[in-house]
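Chains as they are written, first to last, in the working numbering: chain U, 1 to 413; chain C, 414 to 509.
The hints are simulated quantities; they were obtained by calculation from the structure and are not laboratory data. Cβ atoms here follow ideal geometry from the backbone N, Cα and C, with glycine treated the same way. Hints are not guaranteed to be accurate.
[Claimed, not checked] What follows is a set of in silico ranges between Cβ atoms, one per label pair, in the way DEER data are often shown:
#, chain 1, residue 1, chain 2, residue 2, range
1, C, R425, U, L5, 52 to 62 Å
2, C, L497, U, P166, 44 to 54 Å
3, C, R425, U, R164, 25 to 35 Å
4, U, E353, C, P493, 40 to 50 Å
5, C, A472, U, E149, 40 to 50 Å
6, C, S445, U, P297, 24 to 34 Å
7, C, P494, U, R164, 29 to 39 Å
8, U, I125, C, S474, 26 to 36 Å
9, C, L497, U, P266, 51 to 61 Å
10, U, L329, C, P494, 21 to 31 Å
11, U, L156, C, R501, 53 to 63 Å
So the chains spell out like this:
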Amino acid sequence: MPFGLLKYGFSKTYPAKHHFTPRKDLKKHYDVVIIGGGGHGAAIAYYLAKYHGITDIAILEKGYLGGGNTGRNTAVLRANYMTEEGVTFYRESLKLYRDLSNEFDYNIMWENRGQLSLATTDAAIRSFRWRAEVNKHLGVRSELIGREEIRKLVPLLNLGDGGRYPILAGLWHADGAIARHDAVAWGFAKGACERGVELHQLTEVTGLDVEHGRIKAVQTNRGTVQCGCAVQAVAGTSSLLAAMAGFKLPIHTYPLQAMVTQPYKPILDPLVSAPHLHVYIQQTSRGEFVIGGGSDPYPLYSTRSTLEMKESLSSAIQELFPFIGQMCLLRQWTGMTDMTPDYSPIMGLSPVENYYLDAGWGTWGFKATPISGKTMAELIATGRVPDLIKPFGVDRFLRFEQVNEAGATAAGH
Amino acid sequence: MKIMPCPLNGPRNISEFAYGGEVELMPDPNTSSSEEWAEYVFFSDNPAGVVREWWYHSATSYWFIAERNTVTDEIVRTYPPSELFKERVEFKKESE
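Working from the sequences, and respecting the hints, build out all of it.
So, in structure tokens, the structure goes:
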């Protein structure tokens, strides 16, 4: 039967579709140069082309499309944050995510699973109640639930009776979802390339020509390109690129480690997060259990893994789901997180006039992919900072107006 | 297991230590502008290479300085803060 499909593969009636730009020379000039071909970079290009009719765009990617931190996150989509600015921003992102598969004509495997965070202390319950009220007020579905409801949602969860961490309550976020992270980058890039955007992979930016406070050109390992403006969307190396443009960012880069088990039959529907154990888990549609936690204890520009972190993730997750002790790990990996002092992103204008920032994405970048692309595109096209991202400008730190986002990391709060 | 050579306690498991941020020279709090202070508190070069950092040995409450490569995670050198800070830093009160 599978061989029967081969005839379609070789048939001229069904030619293979090429979604992305075939390898070709860089032009001398582009209106917009996007540095970084991950989900964010591709999304900016997509929305510029779709809503603003700007298609003279080059996306420069030093590796391959979506091969950086877009492919290294744990694919969690949620909006149950704590600040009004954060909740509103991520809420809009979740709305866009719902329709992306249809919009792309390409399946991003979006699934509305719901996300459950667990509380083991009175302090945690108080913060959950706070988050639930902020969320509800802003139209995001979050509620505080008790042990019986938790048991119904996740029958296999160890509620910790008589143990060190008895689970007292949960924050149930019905809007929580997952999506395939690679497919999100591919979908945006496909939509952008179909509209005339050029995606240049294996093209590393080596320098930026800034004169009189304006960016003139971008130097790459394949030659220099002039640009009308440029935007950096390079999670994990934001500070290094900003240094090329001649300014500092309020960022430190930490590794973030995760791991995944072999596939098993579907037994865990919601995403479950245990802030007290610094661990969270979800089962993918393939059946693998994805297990993630907090960032490493000190900064590093490396995607190496450590046994200590894997041990701590393993012991924590067995506290929640003891049966996982019988499972085999399939893969483990590390991403790089650009952590900001207030756990909020840095988006918008930079000290260089026509150079835009899409940075500081710490552990919250994937879920923001569509909305950051849409708002950054609006900024680039119109020159005005959209209201949704006004609170996230880098200059907020100079005015001591941080957006203190204590709901940022599923594992850390 | 990653080992940190502590100037006080010798080589110890790095999990006994806490990272304390890059060593940066503090602007004078009495004369610096609010922007200079924000720059000092929040902004950083965050370089890929050898960086001078504060580290703290939790068990003995001992602060020291380490030069560490932020790409390879190699600890090049560790030493007591007295090598850099020869004098006590005084926080003078602004005259009223």
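Tested hints:
1. Restraint check, C:R425 to U:L5: a C-beta distance of roughly 60 Å satisfies the suggested window 52 to 62 Å.
2. Taking the beta carbon of each, C:L497 and U:P166 are about 48 Å apart, inside 44 to 54 Å as hinted.
3. For the pair C:R425 and U:R164, the beta carbons lie near 27 Å from each other, so the given range of 25 to 35 Å is met.
4. About 46 Å separates the C-beta atoms of U:E353 and C:P493, a value consistent with the hinted range of 40 to 50 Å.
5. Here the CB-CB span from C:A472 to U:E149 is close to 43 Å, well matched to the stated 40 to 50 Å.
6. Roughly 31 Å separates the CB atoms of C:S445 and U:P297, a value that falls within the hinted 24 to 34 Å.
7. Roughly 38 Å separates the CB atoms of C:P494 and U:R164, a value that falls within the hinted 29 to 39 Å.
8. Between U:I125 and C:S474 the beta carbons are some 33 Å apart, a value that agrees with the proposed interval 26 to 36 Å.
9. One distance hint, 51 to 61 Å for the beta-carbon pair C:L497 and U:P266, holds here, with the actual separation near 57 Å.
10. Between U:L329 and C:P494 the CB atoms are about 42 Å apart, so this pair departs from the stated range of 21 to 31 Å.
11. At roughly 58 Å, the beta-carbon separation of U:L156 and C:R501 lies within the given 53 to 63 Å, and the hint holds.
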